[in-house]
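S.K.: Spelled out from the first residue to the last, the chains are:
4 protein chains.
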Amino acid sequence: MKVGDEVFVAPSGVQKERIQPDDLFILDAKMQVTCRPPSEAKLDKPFKESECTPLFFNAFSMRGAGACMHTHSPNAVMATILFGDEFRISHIEMIKGIVDAETKQAHMFNDTLVVPIIDNTNFERDLTASMAEAMLKYPKTNCVLVRRHGCYVWGESWQKCKAMCECYDYLFGMAIEMKRHGVPTVTPSS
Amino acid sequence: MKVGDEVFVAPSGVQKERIQPDDLFILDAKMQVTCRPPSEAKLDKPFKESECTPLFFNAFSMRGAGACMHTHSPNAVMATILFGDEFRISHIEMIKGIVDAETKQAHMFNDTLVVPIIDNTNFERDLTASMAEAMLKYPKTNCVLVRRHGCYVWGESWQKCKAMCECYDYLFGMAIEMKRHGVPTVTPSS
Amino acid sequence: MKVGDEVFVAPSGVQKERIQPDDLFILDAKMQVTCRPPSEAKLDKPFKESECTPLFFNAFSMRGAGACMHTHSPNAVMATILFGDEFRISHIEMIKGIVDAETKQAHMFNDTLVVPIIDNTNFERDLTASMAEAMLKYPKTNCVLVRRHGCYVWGESWQKCKAMCECYDYLFGMAIEMKRHGVPTVTPSS
Amino acid sequence: MKVGDEVFVAPSGVQKERIQPDDLFILDAKMQVTCRPPSEAKLDKPFKESECTPLFFNAFSMRGAGACMHTHSPNAVMATILFGDEFRISHIEMIKGIVDAETKQAHMFNDTLVVPIIDNTNFERDLTASMAEAMLKYPKTNCVLVRRHGCYVWGESWQKCKAMCECYDYLFGMAIEMKRHGVPTVTPSS
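Chains B, W, A and S supply the protein sequences, listed in that same order. Note that numbering that gives the first Met the number 0 gives residue 94 to position 95 of the first sequence, counting from 1, and the numbers run on in steps of one. Note that numbering that gives the first Met the number 0 gives residue 178 to position 179 of the second sequence, counting from 1, and the numbers run on in steps of one. Note that numbering that gives the first Met the number 0 gives residue 171 to position 172 of the third sequence, counting from 1, and the numbers run on in steps of one. Note that numbering that gives the first Met the number 0 gives residue 40 to position 41 of the fourth sequence, counting from 1, and the numbers run on in steps of one.
Since the hints were derived computationally from the structure, they do not count as laboratory data. One or more hints might be untrue.
Copies of the same chain look alike in the list, so a pair counts if it works inside one copy or between any two.
[Stated by the list, open to error] Lysine-lysine pairs mimicking PhoX-like chemistry, simulated, CA-CA at most 25 Å apart:
#1 Lys41 <-> Lys161
#2 Lys29 <-> Lys95
#3 Lys47 <-> Lys136
#4 Lys103 <-> Lys47
#5 Lys15 <-> Lys136
#6 Lys15 <-> Lys161
This one's a predicted model, so the numbers in the text were calculated from it and none came from an experiment.
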């Protein structure tokens with residue numbers, strides 16, 4: 000999450016549902032830590048900022064995002080297993096919850112939503128370049144799927160980021176169900 | 000939700016789980032806003048009343064409903080994908096949770112519950128006429144499904160509306176499961 | 000739920016998650032209401048005791064149960080659709096959570112748990128006789144499934160009733176999954 | 000859970016979500032009860048320590064674990080039904096949440112995670128020897144699956160144990176979904 004020039008990043012390898020404000024790192028626009036988590040003083044070994052930090056900064060620097068999330072959602076992972084290099088879905092109302100990042104307009108019901116899928120790597124930081132490449136190639140997207148891993152979603156505020164993350168997850172789940180029933184996820188516009 | 004002649008409508012494009020009483024619009028019986036959300040004063044740009052407002056008013060004016068809900072439930076959407084112009088189910092106890100809007104009696108276990116499915120449009124307000132048409136054609140129903148979108152459910156009070164919404168959703172989910180196992184959703188009465 | 004000779008029964012047609020102690024009926028051992036819900040005074044029309052009351056009393060009178068529950072669980076309903084006149088499962092650890100009502104001993108892992116399935120009727124009270132018949136025919140069971148409706152589960156205390164209800168529901172769900180994957184739900188003992 | 004030489008064990012046959020600190024047994028390193036649950040004084044019949052106690056002690060004595068959990072998770076049970084003597088999965092990011100118990104390093108994305116599956120017995124304590132045998136044969140694992148029963152997961156602290164338990168469960172669920180869609184759970188490393 001970004002507030003002005005300050006970026007708040009969660010520590011790595013902790014139970015995310017237990018994070019308190021005191022557990023967050025503050026970084027500047029150049030990805031340098033300017034303030035370590037105050038709660039760290041009580042720990043045996045220091046926190047490490049999230050492995051995803053350079054990927055979050057892709058969203059901040061390339062798209063001016065105000066927030067970026069990463070999930071390992073089973074729906075996202077299964078979608079990357081059932082689709083090739085792109086996740087594609089059309090004619091589902093929830094598509095309208097996703098803004099076209101290029102035009103800043105909401106998608107229409109009969110648009111085809113396309114989300115790029117990049118291959119996973121052994122180290123999360125090694126995804127930085129391929130995520131950036133996908134973001135350049137797909138200027139309309141607010142999400143990059145990572146094969147057998149999960150997805151990154153960003154938005155201009157944490158509220159819009161969270162709302163779009165929920166819409167994407169709903170669409171991934173719906174597409175899996177559609178495939179299970181043999182229904183194509185993209186239909187020609189009528 | 001309708002209290003006397005006042006209709007309370009949620010704002011559009013917000014996180015519904017965070018809505019407070021101060022965030023609601025009040026409209027009169029002619030769908031004119033008589034009171035804007037007091038909390039709006041704190042916002043950069045004003046709230047907009049829910050896109051569904053004219054659809055909610057179909058339920059208020061045509062059926063004298065006390066409440067109307069709209070959901071994007073995955074069960075509802077999947078049901079519209081697996082069924083044609085009507086969702087039909089019989090011989091499931093939960094059917095008895097749905098009142099026949101014409102006779103005002105609860106459905107019987109061996110009745111066939113029929114819910115009309117209308118096609119979706121790019122703009123929610125453009126559903127107003129086809130929803131009204133379906134309501135005229137299906138006087139027994141308290142629900143209209145919208146293809147690849149969700150459903151509208153109404154009832155004489157918010158309690159009955161919510162209870163029926165839960166029953167419909169249960170029945171949509173059950174029908175999907177039945178189809179997955181190759182079981183017909185309507186069986187001839189014994 | 001039964002405490003001494005008093006039976007506490009929920010009202011019919013209400014949102015079960017909102018029930019307060021003041022909303023309960025108290026009945027005597029002869030199924031006569033001895034105390035109406037105090038909260039009823041605030042209502043326009045009086046509460047009606049649960050439609051299931053005579054079915055609950057089957058468990059109290061025939062089995063000396065301390066509590067009896069009724070659910071419309073999707074797992075229970077789907078199990079009645081996929082099985083014939085008996086639900087049967089063996090070799091699942093959770094079976095040990097169910098007591099044999101005849102011997103009062105827990106089932107063994109390699110026992111076959113059998114739950115009778117009775118046909119549904121248009122009126123819940125018309126199930127009373129067939130539930131009683133199934134209880135006589137299956138003295139080991141603490142549960143009767145009702146086709147396309149749900150199940151009744153009882154136990155010597157509300158704690159044991161609730162725990163067994165959870166075990167039964169887990170087993171119904173597991174059996175549905177096993178059938179979905181083409182795995183038989185009963186295997187010959189090794 | 001182990002704190003110093005004291006092991007805290009839950010009572011058997013109770014509703015786990017209602018356990019209070021006063022309900023726990025304290026055992027010494029030799030599996031002798033040194034302190035019975037104080038809350039027991041209020042009960043008609045004494046608590047019994049969890050049936051799993053000797054299995055938990057396998058983790059404490061053979062692996063120096065700080066905590067050990069047992070679940071009957073439907074995902075774990077279904078995985079044991081769909082796999083033979085080993086659960087195997089590779090190329091899913093969540094594998095990195097599981098530490099290799101031999102090297103103390105996290106697994107890599109392209110490692111194959113292997114979890115032994117032992118056969119169930121009528122009495123839980125009879126699993127003690129076969130669980131120990133599997134732990135010797137699979138020094139990398141932090142989990143033993145028990146056919147049609149569930150799994151045991153341990154870790155150096157309760158935090159790591161819980162986190163790994165969640166990762167294993169996610170992976171069991173993902174594997175079931177992959178099999179449902181006909182996707183192999185292990186892919187050759189690229």
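S.K.: Against this structure, judge whether each hint is valid.
M.R.: Evaluation of the provided hints:
1. For a Cα distance limit of 25 Å, the shortest separation of Lys41 from Lys161 across copies, 21 Å, qualifies, whereas the shortest one inside one copy, 31 Å, does not.
2. Taking the shortest alpha-carbon separations for Lys29 and Lys95, neither the intra-copy value of 34 Å nor the inter-copy value of 28 Å comes in at or below 25 Å.
3. Taking CA atoms no more than 25 Å apart as the test, Lys47 paired with Lys136 passes in neither setting, with 32 Å inside one copy and 34 Å between copies.
4. For the homomeric pair Lys103 and Lys47, the shortest alpha-carbon distance between copies (18 Å) is at most 25 Å, but the shortest distance inside one copy (35 Å) is not.
5. Proximity of Lys15 to Lys136 under the C-alpha cut-off of 25 Å is found in neither arrangement, the shortest distances being 32 Å within a copy and 34 Å between copies.
6. Within a single copy, Lys15 and Lys161 get their C-alpha atoms as close as 15 Å, and across copies as close as 13 Å, so both meet the 25 Å cut-off.
Violated hints, listed in ascending order, are 2, 3 and 5; each of the other numbered hints is respected by the structure.
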